[in-house]
Amino acid sequence: MAIDQIEVPQAPPAVKVRKFFRPPQQRRPWGPIALFLCPALFFYFAFIIYPVLVTFFNSFHILRQDLGLTYQFVGLQHFKEILAEDEVFWKAAGNSLTWAIVAPIVDMPLALALALVLHAKVPLARFFRTVWFTPLLMSYPVVGVIWLWVYNYDWGMANLVLRAIGLGSYAEAWLANPATALPALILVTTWMFTGFHMVILLTALHTIPQEYLEAATVDGANRWQRTFRIVIPLLRPTLVNLIILDFIGKMKQFALVWVMTRGGPMRGTETVATYVIKRAFEWKTLDLGYPSAIAVIWFIIIFGLSFALMRFLQRREALEF
Amino acid sequence: MLRTRLTKGMLMLPILVYTAFSAGPYLWTAIMSLRTTDEIYRSHYGLPIPAHWVKFYVAWTEFGYDVYFRNSAIVAVAAVILITIVGALAGFGFARRRYAFPLRQPLFLLIFLSVMFPPQIMILSLFQILIKLRLFNTLPGLILVYVATEMPITIYLLRAFFAQIPQELEDAARIDGCTDWTMFWRVMFPIALPAVATTFILDFIYFWNEFLYAVVFITQQEIRTLPLAIQFLVSDQYQDIGMLATGLMIATLPILVMYLFLSEWFVKGMTAGAVKG
Numbered sequence: 156m157a158i159d160q161i162e163v164p165q166a167p168p169a170v171k172v173r174k175f176f177r178p179p180q181q182r183r184p185w186g187p188i189a190l191f192l193c194p195a196l197f198f199y200f201a202f203i204i205y206p207v208l209v210t211f212f213n214s215f216h217i218l219r220q221d222l223g224l225t226y227q228f229v230g231l232q233h234f235k236e237i238l239a240e241d242e243v244f245w246k247a248a249g250n251s252l253t254w255a256i257v258a259p260i261v262d263m264p265l266a267l268a269l270a271l272v273l274h275a276k277v278p279l280a281r282f283f284r285t286v287w288f289t290p291l292l293m294s295y296p297v298v299g300v301i302w303l304w305v306y307n308y309d310w311g312m313a314n315l316v317l318r319a320i321g322l323g324s325y326a327e328a329w330l331a332n333p334a335t336a337l338p339a340l341i342l343v344t345t346w347m348f349t350g351f352h353m354v355i356l357l358t359a360l361h362t363i364p365q366e367y368l369e370a371a372t373v374d375g376a377n378r379w380q381r382t383f384r385i386v387i388p389l390l391r392p393t394l395v396n397l398i399i400l401d402f403i404g405k406m407k408q409f410a411l412v413w414v415m416t417r418g419g420p421m422r423g424t425e426t427v428a429t430y431v432i433k434r435a436f437e438w439k440t441l442d443l444g445y446p447s448a449i450a451v452i453w454f455i456i457i458f459g460l461s462f463a464l465m466r467f468l469q470r471r472e473a474l475e476f
Numbered sequence: 405m406l407r408t409r410l411t412k413g414m415l416m417l418p419i420l421v422y423t424a425f426s427a428g429p430y431l432w433t434a435i436m437s438l439r440t441t442d443e444i445y446r447s448h449y450g451l452p453i454p455a456h457w458v459k460f461y462v463a464w465t466e467f468g469y470d471v472y473f474r475n476s477a478i479v480a481v482a483a484v485i486l487i488t489i490v491g492a493l494a495g496f497g498f499a500r501r502r503y504a505f506p507l508r509q510p511l512f513l514l515i516f517l518s519v520m521f522p523p524q525i526m527i528l529s530l531f532q533i534l535i536k537l538r539l540f541n542t543l544p545g546l547i548l549v550y551v552a553t554e555m556p557i558t559i560y561l562l563r564a565f566f567a568q569i570p571q572e573l574e575d576a577a578r579i580d581g582c583t584d585w586t587m588f589w590r591v592m593f594p595i596a597l598p599a600v601a602t603t604f605i606l607d608f609i610y611f612w613n614e615f616l617y618a619v620v621f622i623t624q625q626e627i628r629t630l631p632l633a634i635q636f637l638v639s640d641q642y643q644d645i646g647m648l649a650t651g652l653m654i655a656t657l658p659i660l661v662m663y664l665f666l667s668e669w670f671v672k673g674m675t676a677g678a679v680k681g
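Heads up: the protein sequence lines correspond to chains A and B, in order.
Sequential numbering of the first sequence, starting at 156, is according to our numbering.
Sequential numbering of the second sequence, starting at 405, is according to our numbering.
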């Protein structure tokens with residue numbers, strides 16, 4: 156949408172010699188086609204499609220890094236082991252899935268509420284929007300370090316606020332407790348992304364024709380009815396897109412965990428992404444095949460669930476490709 | 405009148421609370437970046453009086469931030485230039501009717517679909533491939549991977565823009581003797597500059613902040629990028645909060661200062677990929 160708003164200069168007055176100039180049987184300009192597309196296709200096939208295929212291939216093998224990455228075929232053995240025996244995988248999958256489900260449930264209502272409030276023409280709206288959007292511009296390690304401090308038991312902001320409002324007994328070593336570590340990390344991604352979701356919802360709010368709301372007012376609808384019966388249903392396609400995007404993003408979550416908890420305590424924040432990297436480069440198995448199989452399984456799950464979610468949420472709306 | 409003022413006042417409360425939540429942690433870090441670790445341990449929420457600006461110089465010269473900053477700058481600038489050229493060429497080639505061929509549409513859909521790929525599905529074999537190409541543990545290797553991973557979204561966005569440019573404009577330019585190359589470079593690319601600017605910003609911020617590929621493909625200290633360096637500094641000098649805070653400012657200020665002046669463009673760039681993705 157943002158890009159659609161950029162104005163395209165209009166063409167000069169139409170010239171009528173088009174047919175004469177470009178006969179229908181003209182041969183395909185293969186030279187220019189190659190010039191324009193080949194560089195991108197090189198990158199795409201060499202560094203995306205080929206690696207994806209190699210990962211699928213690797214997932215049927217044992218690939219030892221200490222033995223010069225020689226291949227040993229094992230068939231479906233990795234897959235059986237992951238699905239049947241690997242408790243760490245299931246724990247990590249549960250955490251990733253929790254993150255992917257909880258984050259949109261927390262993020263979207265918050266972002267929507269903030270967007271509606273800003274849309275009500277409060278003073279300094281632009282300033283607030285600019286501030287709320289800022290966390291998205293920082294890297295995960297930066298955010299991770301800042302929030303390690305926020306969650307510090309003795310002097311972190313989180314406990315400082317709790318103690319200030321008289322809830323000091325709820326002060327907690329947030330990242331050291333397996334029960335609170337994952338929710339604490341989810342709150343960090345909320346902090347990062349709510350402003351971003353808010354901005355997109357705000358843009359969508361601006362596109363709602365004023366006449367709809369005026370008509371509703373004439374019909375006697377009050378502010379709440381206008382919001383819940385007209386505005387929110389009209390925002391639905393945008394909300395659906397954002398939910399799916401948020402879901403996919405959280406299913407891939409790696410960096411924040413890596414910097415803040417390394418998957419601990421007691422695998423309470425282990426995600427599939429961190430487990431794949433650990434399995435590949437930190438475990439003594441030194442095998443690239445097994446983590447590749449995890450990646451393949453997770454790839455299929457992400458695609459499957461994303462499409463299921465799209466169908467479930469969009470129902471009547473067409474897929475927006 | 406009074407009633408509207410009252411509602412407005414009530415609306416301000418959640419706004420201010422959220423603003424404190426949103427800006428608080430970073431402002432706190434910014435303040436700490438000007439205080440020494442001793443001062444911080446005496447009082448974690450004191451004001452930076454006196455402000456130790458020299459810490460930025462110290463971080464830059466003695467803690468290696470000059471090197472990390474340079475590495476990040478090399479990677480981000482090189483990758484963003486490369487992806488802008490390659491992405492604009494492909495966006496143009498995929499958009500215009502003149503360059504249609506039978507498999508073009510399925511090919512574009514495949515590229516678009518890969519926006520959803522989780523990095524894990526590529527990263528282990530990319531590791532293997534980079535080793536084979538002797539590009540493991542090098543900045544050029546990282547740059548190539550970065551360009552490839554941001555390629556789908558860049559092509560998608562630029563194609564959408566190039567597709568909107570009226571056919572008449574192309575025809576008129578062709579009558580004036582434009583070849584395919586001058587058509588792209590002299591006519592279409594200048595028109596597309598606003599769209600190119602949004603993908604430029606989106607890609608640059610992604611490259612500046614990227615962490616996962618860097619952590620797997622870079623193991624040598626001298627070529628660490630800023631996000632990678634921060635992750636290591638956190639474990640090495642967790643006690644030295646003051647210096648770490650200064651480092652965080654060095655890592656974020658280039659983007660945030662630009663954001664201050666070009667916030668509309670940044671918002672446009674960062675949200676461009678989200679609306680249809």
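None of these hints come from the bench; they were simulated from the model.
Each hint should be verified, as a subset may be incorrect.
[What the hints assert, rightly or not] Derived BS3-like pairs: lysine-lysine, alpha-carbon spacing no greater than 25 Å straight-line:
id : chain 1 : residue 1 : chain 2 : residue 2
1  : A       : K276      : A       : K433
2  : A       : K246      : A       : K235
3  : B       : K412      : A       : K276
4  : A       : K235      : A       : K439
5  : A       : K433      : B       : K536
6  : B       : K412      : A       : K439
Here is what the structure says about each hint:
For the suggested pair A/K276 and A/K433, the alpha carbons sit about 49 Å apart, so the restraint of at most 25 Å is broken. Annotation: proposed proximity of A/K246 to A/K235 holds, straight-line Cα distance about 16 Å (limit 25 Å). For the given pair, B/K412 sits about 9 Å from A/K276 by alpha-carbon distance, which is consistent with the 25 Å threshold. With a CA separation close to 20 Å, the supplied pair A/K235 and A/K439 stays within the 25 Å bound.
With a C-alpha separation of about 22 Å, the suggested pair A/K433 and B/K536 falls inside the 25 Å cut-off, and the hint holds. The hinted pair formed by B/K412 and A/K439 fails the criterion: a straight-line CA distance of about 61 Å is larger than 25 Å.
Hints 1 and 6 from the earlier list are contradicted by this structure; the remaining hints agree with it.
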